[in-house]
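Peer 1: Working from the sequences, and respecting the hints, build out all of it.
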Amino acid sequence: MDTYCTRCGRPTGEGDHAACRARAAYGPPRYCPECARRMIVQVSPSGWSARCSAHGEVADEAGGGTAREPV
Amino acid sequence: MATSTEPTTSTGADLATDVLAVARAQVLDRGEGLDEQQVLDVLRLPDDRLAELLGLAHEVRMRWCGPDVEVEGIVSVKTGGCPEDCHFCSQSGRFESPVRSVWLDIPGLVEAAKQTAATGATEFCIVAAVRGPDARLMSQVRAGIEAIRAEPDTADINIACSLGMLTPEQVDELAAMGVHRYNHNLETARSHFGSVVTTHSWQERAETLRMVREAGMEVCCGGIVGMGESVEQRAEFAAQLAALEPDEVPMNFLIPQPGTPYEDYEVLAGPEALKTVAAFRLALPRTVLRFAGGRELTLGDLGAEQGMLGGINAIIVGNYLTNLGRPAQADLDMLTDLHMPIKALSQTL
Ligand code: SF4
Ligand SMILES: [Zn+2]
Ligand SMILES: [Zn+2]
Chain B
1 MDTYCTRCGR PTGEGDHAAC RARAAYGPPR YCPECARRMI VQVSPSGWSA
51 RCSAHGEVAD EAGGGTAREP V
Chain P
1 MATSTEPTTS TGADLATDVL AVARAQVLDR GEGLDEQQVL DVLRLPDDRL
51 AELLGLAHEV RMRWCGPDVE VEGIVSVKTG GCPEDCHFCS QSGRFESPVR
101 SVWLDIPGLV EAAKQTAATG ATEFCIVAAV RGPDARLMSQ VRAGIEAIRA
151 EPDTADINIA CSLGMLTPEQ VDELAAMGVH RYNHNLETAR SHFGSVVTTH
201 SWQERAETLR MVREAGMEVC CGGIVGMGES VEQRAEFAAQ LAALEPDEVP
251 MNFLIPQPGT PYEDYEVLAG PEALKTVAAF RLALPRTVLR FAGGRELTLG
301 DLGAEQGMLG GINAIIVGNY LTNLGRPAQA DLDMLTDLHM PIKALSQTL
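Protein chains in written order, with this note's numbering: chain B, 1 to 71; chain P, 1 to 349.
Among the clues, some could well be false.
Stated by the list, open to error - Now the stretches of chain P that chain B is said to cover, found in silico as 3 or more residues with beta-carbon under 8 Å:
1) 64-77
2) 96-106
3) 313-324
To be verified - Derived Cβ-Cβ restraints for the label pairs, each shown as a range:
4) B:E34 <-> P:E263: 24 to 30 Å
5) B:R21 <-> P:S230: 30 to 36 Å
6) B:T3 <-> P:E263: 23 to 29 Å
7) P:T199 <-> B:P11: 31 to 37 Å
8) B:R37 <-> P:G31: 51 to 57 Å
9) P:A147 <-> B:D2: 34 to 40 Å
10) B:T3 <-> P:D301: 29 to 35 Å
11) B:R21 <-> P:P67: 47 to 53 Å
12) B:R21 <-> P:P341: 50 to 56 Å
13) P:R44 <-> B:G56: 39 to 45 Å
14) P:E266 <-> B:D16: 17 to 23 Å
Hints in this document: simulated from the structure, not taken from any laboratory.
Built from N, CA and C at the ideal position, the CB exists for glycine as well.
Peer 2: As structure tokens, this is what we get:
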């Protein structure tokens with residue numbers, strides 16, 4: 001089980017995340033489940049990718065192109 | 001008590017004064033959109049007349065637009081970190097939003113266009129979270145369009161852009177790049193705009209739209225319903241959009257975004273959202289009226305179908321800019337079930 005909620009970034013063991021779960025279908029993860037850092041997220045028409053600077057990238061099947069930090 | 005001999009509608013309303021009876025003659029038969037007061041009368045109809053209203057809006061759409069549905073995909077080429085303060089927006093850099101800044105590279109942009117084309121969509125819209133484009137964004141868009149045109153799968157797709165407020169030079173540049181339609185939403189009624197955005201004005205947005213039209217690009221302008229506006233202001237907005245004669249109106253329903261000033265706003269009730277859809281169709285009989293963001297949350301699957309049978313004739317399929325939609329295939333299946341053909345590229349040339 002994730003340590004942190006990917007929707008609100010708070011520990012999953014604390015507080016109520018029912019609203020976060022309800023919204024999960026409409027948004028990609030925003031916080032890293034391992035460290036709660038805000039992730040770099042790119043959404044594409046049929047996918048998304050989310051990258052934590054410490055824990056790497058997760059993506060759904062189609063992926064979201066290559067998201068990179070603004071330069 | 002006098003006994004009325006006036007003809008009445010199926011629900012007993014007076015035919016001479018009932019707004020739907022008036023709309024049938026004015027909008028359906030003559031193609032003249034409802035004015036602000038009439039739209040307000042429609043928005044105030046009781047819920048037990050919703051089915052009748054949606055039925056009329058659908059007839060109007062079929063009569064003046066036809067059965068085809070225009071399908072579009074969108075992608076964000078520059079996400080987050082916007083200097084503006086639109087209170088609904090998770091991409092404003094002024095709020096504590098979890099959305100971080102990111103740029104999409106050219107291969108990613110081409111891939112997004114391919115994903116869009118694979119659904120049968122004829123429209124692909126490139127969007128950036130900016131007040132207006134700088135030289136870097138303009139060159140990214142130019143390179144992206146060239147790369148999309150060079151791919152066999154996406155060479156013919158219509159490309160639209162939504163890059164914020166433009167200078168006259170940028171308008172001309174985009175037109176020269178072959179951008180066929182430009183999206184710039186007025187968002188809400190003019191009288192409500194100041195409580196939604198403080199960093200620029202309604203008039204500044206309208207000025208960009210004026211230039212877009214002058215340059216020969218199609219005008220796409222809509223907004224978001226459910227941002228604390230009154231019913232009167234919804235009617236005002238419909239009339240202001242109608243006065244603009246836009247080629248397309250995208251209708252969004254507020255998704256309360258974490259960290260934004262509107263994070264605790266209630267999601268619009270389904271019947272209210274559908275009433276607004278139908279009322280906007282009656283104000284804009286010939287416009288491409290597109291379901292955009294928020295429909296999944298506000299209307300669910302059943303409501304989406306009701307909207308398609310209540311005045312909508314265009315959809316965004318797949319994901320949005322920072323939010324996810326339902327799978328594109330679910331929408332394509334819905335259109336098949338409803339016997340609504342996807343508008344083909346040949347019809348748009
Ligand atoms: S200008 Fe666009 S991206 Fe920027 S805050 Fe407003 S709606 Fe969001
Ligand atoms: Zn949570
Ligand atoms: Zn992490």
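Peer 1: Could you run down the list of hints and mark each one as holding or not?
Peer 2: Hint by hint, here is what the structure shows:
Requiring three or more residues with a Cβ within less than 8 Å of a Cβ of chain B, the coverage given for the segment 64-77 of chain P holds, as 4 such residues are present. Three residues within the 8 Å Cβ limit are the bar, and the segment 96-106 of chain P against chain B gives 8, so the coverage statement holds. Using a Cβ-Cβ cut-off of 8 Å, 8 residues of the segment 313-324 of chain P lie near chain B, which meets the minimum of three, so the contact claim holds. Distance hint check for B:E34 and P:E263: the Cβ-Cβ separation is about 25 Å, which falls inside the suggested range of 24 to 30 Å.
Distance hint check for B:R21 and P:S230: the Cβ-Cβ separation is about 33 Å, which falls inside the suggested range of 30 to 36 Å. For the hinted restraint 23 to 29 Å between B:T3 and P:E263, the CB-CB distance of approximately 24 Å keeps it satisfied. Distance hint check for P:T199 and B:P11: the Cβ-Cβ separation is about 35 Å, which falls inside the suggested range of 31 to 37 Å. Evaluation of the 51 to 57 Å hint for B:R37 and P:G31 yields a pass: the beta carbon distance comes to about 55 Å.
The hint said 34 to 40 Å for the Cβ distance between P:A147 and B:D2, and at roughly 37 Å that hint holds. A hinted range of 29 to 35 Å holds for the C-beta pair B:T3 and P:D301, which are about 34 Å apart. Look at B:R21 against P:P67: about 39 Å separates their beta carbons, and that is not inside 47 to 53 Å. Evaluation of the 50 to 56 Å hint for B:R21 and P:P341 yields a failure: the beta carbon distance comes to about 38 Å.
For P:R44 and B:G56, the hinted distance range of 39 to 45 Å is not satisfied, since their beta carbons lie about 54 Å from each other. The supplied range of 17 to 23 Å is met by P:E266 and B:D16, whose beta-carbon atoms lie about 19 Å from each other.
When each numbered hint is compared with the structure, violations occur for hints 11, 12 and 13.
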